[in-house]
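For reference, the chains in residue letters:
Number of protein chains: 2
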Amino acid sequence: MARRRDLGGLIFIDLRDRYGKTQMVVHPEESPDVTAQAHQLHAEWVIEADGIVQERPQGMVNRDLPTGEIEVKLTALTVLNPCPALPFQLDEADKASEELRLKYRYLDLRRPEVQEVFMLRHRVAQVVREHFSGEGFLEIETPFMVKSTPEGARDYLVPSRIFPGHFYALPQSPQIYKQLLMVAGFDRYFQIVRCFRDEDLRSDRQPEFTQVDVEITFADREVIFGTAERLFVKILKHAWGIDIATPLPRLTYQHVMDTYGSDKPDLRFGLPFSNLTDCLRGTDFRIIASSIEEGGVVIGLCVKGQAGVSRKELGELENLARQCGLPGLLSLKLTAEGLAGSLSGKISEAQAAAVCKELKSETGDLLLMAVGKKSAVLKGLGVLRRLLAERFRLFDPNSHENPSLFWVVDFPLFERNEETGEVAASHHPFTGYLTEDEHLLESEPWNVRSTAYDLVMNGSELLSGSIRIHDSAQQAKIFQLLKISDEEAQLRFGFLLEALRYGAPPMGGMAIGLDRTIMCLTGGSIRDVIAFPKTNLAQSLVDGSPSEVDPQLLKDLHLVIQKPKS
Amino acid sequence: MARRRDLGGLIFIDLRDRYGKTQMVVHPEESPDVTAQAHQLHAEWVIEADGIVQERPQGMVNRDLPTGEIEVKLTALTVLNPCPALPFQLDEADKASEELRLKYRYLDLRRPEVQEVFMLRHRVAQVVREHFSGEGFLEIETPFMVKSTPEGARDYLVPSRIFPGHFYALPQSPQIYKQLLMVAGFDRYFQIVRCFRDEDLRSDRQPEFTQVDVEITFADREVIFGTAERLFVKILKHAWGIDIATPLPRLTYQHVMDTYGSDKPDLRFGLPFSNLTDCLRGTDFRIIASSIEEGGVVIGLCVKGQAGVSRKELGELENLARQCGLPGLLSLKLTAEGLAGSLSGKISEAQAAAVCKELKSETGDLLLMAVGKKSAVLKGLGVLRRLLAERFRLFDPNSHENPSLFWVVDFPLFERNEETGEVAASHHPFTGYLTEDEHLLESEPWNVRSTAYDLVMNGSELLSGSIRIHDSAQQAKIFQLLKISDEEAQLRFGFLLEALRYGAPPMGGMAIGLDRTIMCLTGGSIRDVIAFPKTNLAQSLVDGSPSEVDPQLLKDLHLVIQKPKS
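Protein sequences appear in the order of chains A and B. The first sequence finishes on residue 714 if you use the working numbering, and the numbering steps up by one all the way, no holes. The second sequence finishes on residue 714 if you use the working numbering, and the numbering steps up by one all the way, no holes.
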């Protein structure tokens with residue numbers, strides 16, 4: 149029962165279920181017993197009601213409700229379960245803390261707009277399964293209790309009771325097992341599957357998340373791209389009713405990093421970067437000159453028509469830039485009265501003209517620039533670019549008309565581990581590389597491009613994949629470059645390496661983040677699209693896990709807890 | 149490449165993939181280069197082949213192969229990956245140990261008959277999803293890292309890194325979470341989901357297994373039975389091409405236990421039991437007389453037309469009975485020459501006649517009887533009955549014509565824990581009971597019938613479910629009878645009990661064992677229907693899990709291993 153209203157002697161009861169609301173009406177004179185019962189009812193009680201469906205009286209029709217033309221005249225009423233006052237009001241959920249809503253998640257899930265998310269999620273999962281089944285893929289279940297082969301993130305472990313001191317891991321992905329399925333000759337595999345990562349959580353991550361896992365043998369990138377594009381055409385048609393044109397654009401990693409400072413830029417708005425270093429080389433302006441001397445760069449972007457921002461607003465933008473990790477922000481306002489902004493007067497007219505030309509700017513535009521080490525400037529401006537677009541309303545985040553959807557290709561095969569400075573696999577160590585870059589493996593490993601690819605929508609990476617290495621000699625070479633010894637490789641991946649020796653076909657695949665895809669389709673946070681999500685501390689507030697357990701259980705697992713000294 | 153044959157100057161190569169085999173042919177005179185390459189090939193190599201599809205010469209057509217009318221004349225050949233000799237021959241897999249086949253599971257999975265199992269499993273999962281989606285159910289994912297609420301079996305635990313000494317459990321089923329979804333107003337839920345139990349394994353159990361989990365609100369048993377029956381009609385039509393009549397028969401627990409000595413009897417053959425105690429009361433025959441004196445029973449069955457078994461065969465049957473836990477087996481052979489068997493001459497003619505009448509036997513039949521405590525005799529005979537049916541070929545295990553498929557209803561609500569003698573929930577503590585038995589809860593708890601039900605096919609329990617308790621007072625009463633204190637109930641299920649207070653609707657549901665269903669459809673063991681199964685010691689031989697892990701990981705989890713003293 150959503151609510152009860154007593155109006156002019158009549159009692160109106162709104163019943164709510166997954167399909168909407170229906171109005172019941174009780175006439176005190178006709179049904180005094182039912183009336184007496186109805187007076188006891190409160191919101192969120194569960195009732196069984198008998199009655200006669202009838203047209204609403206004229207003037208009482210509610211055109212906003214699918215059931216707004218009828219009402220049910222109650223003839224009998226049974227209370228199936230009462231309900232005390234809720235910890236928060238369903239129609240005022242935004243006033244409740246997220247903590248309270250997560251603790252009473254089953255109440256939060258009663259809200260129609262929240263239920264919509266899970267109905268969409270169900271339908272998208274159906275679209276996914278129909279798509280892959282229709283294209284000849286088999287859904288095959290891979291194990292959840294697997295060998296610990298940590299890569300990237302930390303494994304969640306499961307202690308074995310039968311083998312003391314031995315552990316299973318929860319899979320970070322079914323990567324190795326799907327490759328084994330390819331070796332087994334299942335040429336087209338998919339699975340909607342839970343994955344687990346014990347990492348420090350950011351707001352868009354969850355310790356357990358769901359991915360659509362896909363692998364194909366004897367396939368090049370075109371086959372995989374085609375399969376994915378046909379799927380996203382269906383998903384976007386279904387969820388938003390829009391048609392997207394394929395093939396989707398393909399941008400190189402190098403291009404999107406240089407132009408948008410991100411490997412998953414949102415292209416619903418412009419704001420491309422230009423490297424202004426050459427325009428400003430030789431300036432007297434100290435900040436720029438000293439940075440260029442130290443090998444730094446000047447990178448800028450042009451905000452169309454925003455030359456009118458006030459000094460105060462510019463100050464706010466500079467603060468925003470610092471929050472994005474930039475040391476500062478230089479500005480030029482191209483006003484009708486001439487140049488203004490922090491850089492005006494600091495550089496020569498010729499330099500200013502060169503900058504304007506490079507940024508294709510015209511009177512009325514606002515130019516923003518940052519100075520420093522190239523990778524840091526690109527990264528900071530990449531974050532700032534998104535915030536600028538929101539601030540200046542350069543796109544409508546609620547519009548579904550023209551999503552920004554494209555491939556990023558030619559990722560570097562290796563990246564430097566930020567902590568240790570050592571070479572690490574950008575994707576995972578089974579990722580292939582472009583044949584034409586093979587000669588660079590030893591001499592310029594950072595310049596070797598991999599066969600990895602991402603699909604990016606509205607600034608989110610929805611899909612990631614690669615063509616794998618299927619040759620055990622190539623795989624050994626990569627391990628060598630990653631400084632993974634033969635012994636370590638054997639210990640960690642020995643069973644995969646052995647499988648690759650037994651006639652492994654060429655293979656490639658992808659993993660689509662299902663939670664993130666639903667998030668992208670519905671808006672909101674990742675916690676909104678998971679029925680029982682965990683907090684940033686990986687706690688489940690609805691059931692209170694993790695929790696202490698019966699000491700006998702730990703004894704049976706041959707484990708002793710050693711709490712850190714506080 | 150499945151195999152290469154050199155025949156009369158020609159080379160024949162069989163290519164194998166998921167869809168079947170195709171024959172390639174190389175003509176040495178026409179393609180000397182390809183011939184030289186082809187001579188290098190061995191079985192299980194992965195090759196890329198170019199060629200011309202042509203009709204096979206007359207007399208070479210193979211009607212047994214879908215591709216038997218054509219062959220591909222090879223024009224080019226590339227070796228994509230070689231393969232050393234396999235650890236076992238694919239067409240002689242039955243000669244390899246199961247251990248070897250599990251270690252090289254990816255090779256075992258190459259066998260066409262094994263691949264068939266996973267293609268069927270994929271299609272059955274599709275049928276399941278289409279069925280439930282079509283009937284308005286939403287597939288909603290429940291968490292895998294949950295609160296430990298052990299019931300029945302032991303939980304697998306996952307240590308928390310962030311909260312030292314705290315643990316998640318892997319779910320034994322999504323029972324509590326699907327009940328929360330019902331409280332949330334998702335009136336029809338299903339999920340194909342992995343579940344986990346850390347129990348000592350029997351041959352038909354796995355530590356991780358898959359179930360089709362279903363829950364419905366405002367539904368009585370009829371709604372749930374209808375949903376399940378419509379599903380099994382589709383599954384059996386799809387897998388075996390047969391039509392089954394619904395509604396399926398419903399047998400009470402009491403009836404199947406008394407008549408077949410099992411709560412999941414196979415009814416593809418007869419062999420019902422009769423209680424012969426009254427027929428034989430007052431006999432001088434010591435074995436029977438003393439047993440009846442002690443409150444025991446005589447229970448027998450009639451094997452039609454098998455009076456001709458030899459003394460030696462009867463001895464074998466007695467051995468079989470002892471393996472089934474029976475102390476012995478008494479027999480009467482109704483031969484044309486008169487009575488024979490171990491009981492002939494030991495009982496009076498009138499008693500023998502009464503036994504024959506009770507068992508509806510006639511000349512030519514073999515009567516087998518066991519004596520002792522009723523529950524033990526029923527249990528032992530229940531196992532023996534199945535073995536007798538196999539031995540006397542009373543049914544064709546490979547026939548799909550008349551499967552034995554029916555409901556078992558009216559299970560007892562409580563059972564005695566075999567170890568402690570204490571009262572325990574037969575199903576789980578949230579199972580409801582028949583209203584008409586409510587008055588027995590305190591006085592005769594063992595006679596209270598629950599709202600639980602099973603679906604049994606060919607002697608396997610494929611589905612189990614119940615109507616739940618949705619009233620928190622009723623639930624408290626059950627906990628009290630189960631000797632679960634308020635404190636313990638709060639600690640273990642507090643969050644569910646609280647949810648039930650907030651307007652929980654009546655609800656019921658079921659869980660279908662997917663592995664066991666596929667097993668029932670394909671024959672074989674549970675390990676045959678799981679891509680990467682575990683052994684009876686819960687080991688995964690393909691990846692070597694569980695395994696030792698980096699000590700740093702354990703340190704981060706605040707755990708120390710305490711190995712048992714050997």
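The reader is advised that the hints may include incorrect statements.
No copy labels: a pair is met if it fits in one copy or bridges any two.
[Stated by the list, open to error] No farther apart than 30 angstroms at their CA atoms in a straight line, the calculated lysine-lysine pairs in the DSS-like style are these:
#1 LYS631 to LYS703
#2 LYS713 to LYS452
#3 LYS243 to LYS508
#4 LYS221 to LYS521
#5 LYS711 to LYS625
#6 LYS243 to LYS625
#7 LYS703 to LYS713
#8 LYS385 to LYS505
#9 LYS625 to LYS460
#10 LYS711 to LYS521
#11 LYS169 to LYS460
#12 LYS494 to LYS382
#13 LYS243 to LYS494
Since the hints were made in silico from the structure, they are not lab data. Owing to the predicted nature of the structure, the values given are computational and were not obtained by experimental measurement.
Hints, verified against the model:
{"no.": "1", "hint": "LYS631 to LYS703", "verdict": "between (39 angstroms within a copy, 25 angstroms between copies)"}
{"no.": "2", "hint": "LYS713 to LYS452", "verdict": "neither (57 angstroms within a copy, 75 angstroms between copies)"}
{"no.": "3", "hint": "LYS243 to LYS508", "verdict": "neither (46 angstroms within a copy, 75 angstroms between copies)"}
{"no.": "4", "hint": "LYS221 to LYS521", "verdict": "neither (74 angstroms within a copy, 61 angstroms between copies)"}
{"no.": "5", "hint": "LYS711 to LYS625", "verdict": "neither (42 angstroms within a copy, 39 angstroms between copies)"}
{"no.": "6", "hint": "LYS243 to LYS625", "verdict": "neither (57 angstroms within a copy, 37 angstroms between copies)"}
{"no.": "7", "hint": "LYS703 to LYS713", "verdict": "both (22 angstroms within a copy, 13 angstroms between copies)"}
{"no.": "8", "hint": "LYS385 to LYS505", "verdict": "neither (41 angstroms within a copy, 72 angstroms between copies)"}
{"no.": "9", "hint": "LYS625 to LYS460", "verdict": "neither (56 angstroms within a copy, 68 angstroms between copies)"}
{"no.": "10", "hint": "LYS711 to LYS521", "verdict": "neither (43 angstroms within a copy, 53 angstroms between copies)"}
{"no.": "11", "hint": "LYS169 to LYS460", "verdict": "neither (50 angstroms within a copy, 75 angstroms between copies)"}
{"no.": "12", "hint": "LYS494 to LYS382", "verdict": "neither (54 angstroms within a copy, 79 angstroms between copies)"}
{"no.": "13", "hint": "LYS243 to LYS494", "verdict": "neither (50 angstroms within a copy, 85 angstroms between copies)"}
Figure legend: structure checked against the earlier numbered hints; hints not met, in rising order: 2, 3, 4, 5, 6, 8, 9, 10, 11, 12, 13.
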